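Starting from the known structure of chain A, arrange chains B and C on it as the hints suggest.
Chains as they are written, first to last, in our numbering: chain A, 1 to 508; chain B, 509 to 669; chain C, 670 to 989.
Take the hints with a grain of salt, since some may be wrong.
As the list claims (entries may be wrong) - Derived lysine-lysine pairs resembling DSS-like cross-links, with alpha carbons at most 30 Å apart:
| hint | chain 1 | residue 1 | chain 2 | residue 2 |
| --- | --- | --- | --- | --- |
| 1 | B | K659 | C | K949 |
| 2 | B | K659 | C | K722 |
| 3 | C | K976 | C | K770 |
It is worth saying that the hints were derived from the structure and are not from the lab. In this text the structure is predicted, and so the values were computed from the model without any measurement.
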Amino acid sequence: MVETFNSLMMGFSVAFQPQVLMYAFFGCIIGTLVGMMPGLGPLAGISLLLPATFGLNPIIAIVLLSGVYYGAMYGGSTTSILMRIPGEAASVMTCVDGYAMTQQGRAGPALAIAAIGSFVAGTLGVIGLMLLAPTLADFALRFGPPEYTALLLMGLFVLAYMSGGSMLKTLAMAVFGLLLGMIGIDVMSGYTRFSFGITELGDGVGIVPVAVGLFGISEILMTAGQADPPKVQQPTLRQLVPTASDLRQSVGPIARGSLLGFMIGIIPGSAHIISSFVSYGMERRLSKTPERFGQGAIEGVAGPESANNAAATGAFVPMLALGIPTGPVTAVMLAAIMVHGILPGPMLIQQQPDLFWGFVASMYVGNVVLLVLNLPMVGLFVNLLRIPYAYLYPCILAFCIVGCYSVSNSTMDVWIMLVMGVVGYVLRKFGFDLAPVALGLVLGPMLELSLRQSLAMSGGDYAIFLQRPIAVTMLVLAVVLLFFAVKPLIFKGKDWRSKVGLDEPADS
Amino acid sequence: MTETTLQVQAAETRGLRSDQASGLTLLALAGLVGWLNREFPVGTLADPGPGYVPLLLAVGLGVIGVLVAAFGVRSMPLRTLAWPEATRALVIMAACVVATFALERIGYRITIAALLVFFVGVVERKAWWVTALVAGVFSLASYHVVGVMLKVPLPRGPWGF
Amino acid sequence: MNKRYLMAALLLFCGAAHAQEVFPSRPLSMVVPFPPGGVADVTGRPTAAALEKVLKQPVTIANRPGAGGAVGNAAVANARPDGYTVLMALSSITVIPEADKLFNRKPAYTLDQLAPIALVSADPMILVVHPSLPVKTVKDVIALAKKQPGELSFSSSGVYGALHMPMEMFLHAAQLKMRHVPTTGGGPAITQLLGGHVTMTAGGPAAITSHVKAGKLRTIVTWGAERHPNYREVPTFKEQGYDIVYYIWAGMFAPAGTPEPVMKVLRDAVRQAVNDAEFKAQMARVNSPVNYLDAPDFAKYVDTDAKRLATVVKAIGRVQ
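Chain A extracted, bound-state conformation (with noise of 0.2 Å):
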């Protein structure tokens, strides 16, 4: 412990050395920008910024790519909560009750309760890398694909959870969603699935067209042909800032968002997208009011953004203790640090402890800028609003188109993003849930591939599920989440009366 807080001070005196928190600050600032962009997300950002870590020292460029990585997490959140745009894939479920809460004048409290939340759950991230990395990086290591099967399974039974609406038509738009996660390269085979001979559908559509597409592009289809344009808002200060009451309801779901998102963060893989999905399924699950959610619920802001900021410092522990690469953002930056010759992997910490401790110390002092830095920034963001629809769209389109194309450079998305903005368009006037089509879409290639990994592993047993400790446990909870999820659909007798008052009648 002593030893854990001697090496802290020395990287804090790495961290205040004022280049690097210049740094820090930079990355920080370049990240929530970058973030704010629909379609640059973190793994843009930090590959743009790549080339130009060539010429720095180790420290200062990985604390530079740091700051852009959750600097991006954090922006991604500002364009969902004021223009329904899902700046990057792990925003999505922001999306929905941010957006809402805008409608209704409460872009201010949204957005100040996503910066609180992004920053507590930053912070105790750092603190769980700082104390517990090497213990978790075995931990994660001991994720194979039957464990991640067993994961992913849980993240699709917390559909049940994620939609007010029909059980039917949610689990539709699951489907749909997988289907649509089908398209391109069988990893397993090399089989090209429906891609219709198109090349660039090879690698399947990407999460961020279709989000941008489903949740923005119908928005502005829905909104901008309507007789009398939106309202423009004139935010009062007190309007701005989150109540007593926004503050204690958040209190929970962040900090179950920031143990949750973390958990998940750390396991190899690129599942810390459902991070976001998870902790919003499950904040609606232990509401006392599960209705309120989708109508402008903190909670179901509060929660998801404190998940993907957790999942984002998460995702540094295999790449700091093991040198192995979580996902493609940490890929990048092991790439950053390799180019300077140092060798990430188990040894990293012992030899290069001031690259280690000055990364983590920095990380604090990256959050506390993040905070900084975007609380007085709310005021600014909202007053974007002001500006009458009749300007505010045709650059929202624009933004939209800039920054699908920059995700690959490459029209295909800007098409695909197109052609899911007419999709979630007809969805909605039919009635349906976006947010499943997204849960499905990141989780159907994930979950297909492990699971015929595992198959592979084993030579088509499926017994190999069972005898793996931690992928029992996950099973036997995704088998009690499911039974509590259908539970009401059986067992209708007590509430069957109300429900038929309240609901559609379509939730069977």
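Same frame as chain A, now just chains B and C:
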């Protein structure tokens, strides 16, 4: 694209309920996926091939589609579903399609400026100088931020702009 | 108003038509068909930086990932052959058209659509096993695999990917059967092995070094034609009596039909760039030393590699 056209076709049928229409559309989509899935080996439960999961999902989607339609007897009649914003939505989509097509052919800045001129000036009928200002400032500024500062290679037209 | 735009556009167009006389007179774009941080990217970025110094024009990196490199390769294959678009490709460039043939797909591009400029680096693959596996040499691996046919497993970066091909070469040469667990990239493939979910994988020297040093992975043999300078103790397959060689290489291409003078400028530029001291140092630091070949030799190299890999792809056939 396919399901949108299907939905439009379904909408023209008289007396259908909205959920029946969407349920049948889902069923049609499931059929389409199942049909497209023919060329991929399905494999077995122990050794699923590339066609296994898609087939499973297509069957699932079809069943759900039928259920949605079956429970949709009391949903809103399709004809009462209003589409007041559809015309404007079509115009917006058409403009975006043209812009996307033009993006790599005439370059980012010209395309975006033209798109904004169309929306602000033609669709929203704002004064010409406001239109020019929005189009000019937005296209150049966004090019500078994304294309120059963030180094995304945004497309240039054949005349280098 | 429309007329005025048209006039302006015409004026601009005429202006541009005159500009192209000496190559290069405007920025170049280097397409990297993989996401940032991968081997192609880590090689491409310093190369681009070194080229900028020689050509006195900015060389921007355009990551065009997708379909195992097919998207970016096809983009350059179909680009205007003016030398302003070049490609930093990996060895998978020769495998993709073969796999397309196998699945009766319309190929995204063919090799003759691309003109080689130069080979920049080539790294031999190394067979690594989980330390819990009781094997030290290739003979042990083969003996164990023969004792438990189909029980040992290996991870790869995807079917027909850079880690799958060398393993299949080995399995064919030694007539072994193993379980294949494809993943989504080189990083995940190593992660699966570190976690003990598979027993072995082929890995690039850069990717495995730290894990080997920490004792988390054990090296067995290399696919290199000779021993790797950083892994003197690791024997080659050739020494062990198997004639199999596999390198994962990175090389530059231009669209076929690029004028000869322009090609010459590019080739000379790359030759100077790879001799840049800073560039060399950078490549050595990522454990991927410069391995330069000029266009004629590189063309032969690509040809040999393509033939060798085509036979492997045909031997693997369609999975499933």
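Hint check results:
1. B/K659 x C/K949: With a Cα-Cα distance of about 25 Å, the restraint between B/K659 and C/K949 holds, given a limit of 30 Å.
2. B/K659 x C/K722: 18 Å, holds
3. C/K976 x C/K770: 14 Å, holds
When each numbered hint is compared with the structure, no violation occurs for any of them.
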